[in-house]
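Undergrad: Sequence:
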Amino acid sequence: MMGFNEPSNGSQKLSLFVTTPKLVMLLREAQQQIQALERQLSTQAEAFLQRDAQVAELEAKLAAITRNMTARRKSYKEQYMRAKAL
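FYI, in my numbering the residues of the sequence shown are 1398 to 1483.
For the record, the hints were derived by calculation from the structure and aren't laboratory data. There could be a bad hint or two in this list.
[Said to hold, decoys possible] Keeping only pairs whose Cα atoms sit at most 27 angstroms apart, straight-line, the calculated DSS-like set for lysine-lysine is:
#1 K1458 / K1471
#2 K1474 / K1458
#3 K1471 / K1481
[Claimed, not checked] Have a look at the derived ranges for each label pair, beta carbon to beta carbon:
#4 K1458 / R1436: 27 to 35 angstroms
#5 Q1451 / Y1477: 48 to 56 angstroms
#6 E1454 / I1431: 31 to 39 angstroms
#7 T1416 / A1453: 31 to 39 angstroms
#8 A1444 / Q1476: 26 to 34 angstroms
#9 D1449 / A1427: 28 to 36 angstroms
Just so you know, even glycine gets a beta-carbon here, dropped at the ideal spot from N, CA and C.
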């Protein structure tokens, strides 16, 4: 059985025998990647929020147009019925 102080086969991706400076470098690289991903996520979240706001605005416009068309249709129908009654 192999102990923690003995190197295993060379197929391991991260050796247990990494030096402290190497660990510090790896940690800094990982932190930079995390920061870059956080900035990317923040940018995407902002874009999605803006798109949601645009969709809400367009839905409100569509609702107003629909109400307007319904009112016009009702008005035209009433005018037609009055004209037909004459």
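Undergrad: Evaluate each hint against the coordinates.
TA: Verification of the hints:
no.	hint	result
1	K1458 / K1471	20 angstroms, holds
2	K1474 / K1458	24 angstroms, holds
3	K1471 / K1481	15 angstroms, holds
4	K1458 / R1436: 27 to 35 angstroms	33 angstroms, holds
5	Q1451 / Y1477: 48 to 56 angstroms	38 angstroms, violated
6	E1454 / I1431: 31 to 39 angstroms	35 angstroms, holds
7	T1416 / A1453: 31 to 39 angstroms	55 angstroms, violated
8	A1444 / Q1476: 26 to 34 angstroms	48 angstroms, violated
9	D1449 / A1427: 28 to 36 angstroms	32 angstroms, holds
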